[in-house]
Every structure is written in C-alpha cells, then in structure tokens.
Amino acid sequence: AQKVTQAQTEISVVEKEDVTLDCVYETRDTTYYLFWYKQPPSGELVFLIRRNSFDEQNEISGRYSWNFQKSTSSFNFTITASQVVDSAVYFCALRSGGYQKVTFGIGTKLQVIP
Amino acid sequence: EPEVTQTPSHQVTQMGQEVILRCVPISNHLYFYWYRQILGQKVEFLVSFYNNEISEKSEIFDDQFSVERPDGSNFTLKIRSTKLEDSAMYFCARGRGATYEQYFGPGTRLTVT
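In order, the protein sequence lines correspond to chains A and B.
Per the numbering used here, residue 18 is the first one in the first sequence, and the count goes up by one each step.
Per the numbering used here, residue 68 is the first one in the second sequence, and the count goes up by one each step.
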C-alpha cells in the first residue's frame, strides 16, 4: 500500500516570505518515486519534480528546493521569496515499485498575499 | 515536454447518459493514464493503458468505465451510465514508463445533473 500525507491543508504567507510544504509518504517498496505537482487556479496539473528513492540528493531549481529524507520518509518543498504567482494547490505524490499508479496527497493550498 | 490535449473542456450530461472523454497526444506516446479529481479533493488514479491494453486499474474503475484507443491516436474514457458522483475533473496523462513522471492534460470537467 502507498500513502501520502500532506498535513498542511492551507498556508498563507506574505509575498517574499519563505514557505515549506511538508510531505510524508508510506510505502513498503524499496524502489519508489516521489513527485510534486502544482495546480494553479486555472486547474491544470503542472509537474515540478521527480525524485527516485535511491537518490537522496536535495535539489534546487531557482526559488524552489526539495529536501528528501528517507530516514523520516519526508519529501518537503520550500519556496524561497514567495511570489503571488506561487499561489496554487501543491500536491505531493508517490509511485511505488513497478506500479503505474501515482498516489497523490490531499494537497496544500498556498496563498501568497501581496 | 509536450503534453496532451483533452476534449471537451467541459461536459454537462444527465444522470444515466453515456459520456466519452477524449485525450489527444501531441506525439506518439505509449503510456496513458486517466485520473479524476472530485472538486476540492485529491487526484485519484483510474487506469493506465500501455500498448493498447489496460495495464493497471483502481477499484474506482468498475464496469461502467472503459478505455480504448480506437484509431491509434485518440485515447478515450467512456462512462456508460453516469451517476451524480461521477461529477469531477477528469485528467488524461501521458508518460514514458513506470520510472518516469506523468504529464497531465488540462482536464475535462464533467458535470452530471
């Protein structure tokens, strides 16, 4: 079974603040893949990042960074110097083993206030 | 990377009617998926389709659902007899395989009245 928990349902920050979105996952498989997707108000799902279970190296892409820690089964997402355009629902997701199915968390709604 | 397009963007139908949602890949992809998102809720996997066959399906994907790629291009999701609880956003996605990310289309909003 695979499960993704995003404990923060809604977060509000003021523009230029840093914000971290938490993600905790559960899986029995030793090989798995973690993802983050962004869903802006327009509704589409935008892929942000994929991380393999055997690669714990953290990643930075512009103002976005991801912290993958297998010891705590977490894959947190930090936005530095948030902007209004970052306002969206962010989903953490998991795919285990050889399965095609991607399991999504409930999502965290981020509101960046100007 | 190019994604997929979906038609229609919004479909309104009466309970009990059949609907067909279409997904049009930009290029020749092998892996396709359908997900749904009931308003305000999480995205749920329905089915995966590889090499013109269902490779995996969820418990949601019961007998009222079917998928096919009738002309080798369009990828369709059919709901035979819609229920009120089928109202949701339906996303088509494509991918390169089990180890890769999935890229989603813009979705079709289905409203069952």
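Simulated from the structure, these hints should not be mistaken for lab results.
In this text, all values refer to a predicted model and were calculated from it rather than measured experimentally.
Please note: incorrect hints may appear among the correct ones.
Simulated coverage check for chain A against chain B, where a stretch passes if three residues somewhere in it have a Cβ under 8 Å from a Cβ of chain B [claimed, not checked]:
hint	stretch
1	27-41
2	75-88
3	91-103
DSS-like cross-link-like pairs, simulated, lysine-lysine; straight-line CA separation at most 25 Å [to be verified]:
hint	chain 1	residue 1	chain 2	residue 2
4	B	Lys150	A	Lys33
5	A	Lys118	A	Lys33
6	A	Lys33	A	Lys55
7	A	Lys126	A	Lys33
8	B	Lys109	B	Lys150
9	B	Lys145	A	Lys126
10	A	Lys20	A	Lys118
11	B	Lys124	B	Lys109
12	B	Lys124	B	Lys145
13	A	Lys87	A	Lys33
14	A	Lys20	B	Lys124
15	B	Lys124	B	Lys150
16	A	Lys55	A	Lys20
17	A	Lys55	A	Lys87
18	A	Lys87	A	Lys118
19	A	Lys55	B	Lys150
20	B	Lys145	B	Lys109
21	A	Lys126	B	Lys109
22	A	Lys87	A	Lys20
23	A	Lys20	A	Lys126
24	A	Lys87	B	Lys145
25	A	Lys126	B	Lys150
26	A	Lys55	B	Lys109
Just the calculated beta-carbon pair ranges, DEER-fashion [claimed, not checked]:
hint	chain 1	residue 1	chain 2	residue 2	range
27	B	Gln131	A	Ala18	36 to 44 Å
28	B	Leu151	A	Gly79	40 to 48 Å
29	A	Glu32	B	Asn119	44 to 52 Å
Glycine residues also receive a C-beta, built at the ideal position from the N, C-alpha and C atoms.
Query raised in the report: Which earlier hints turn out false for this structure, listed by number in ascending order?
Result: Of the numbered hints, 1, 2, 3, 4, 5, 9, 13, 19, 24, 25 and 27 do not hold.
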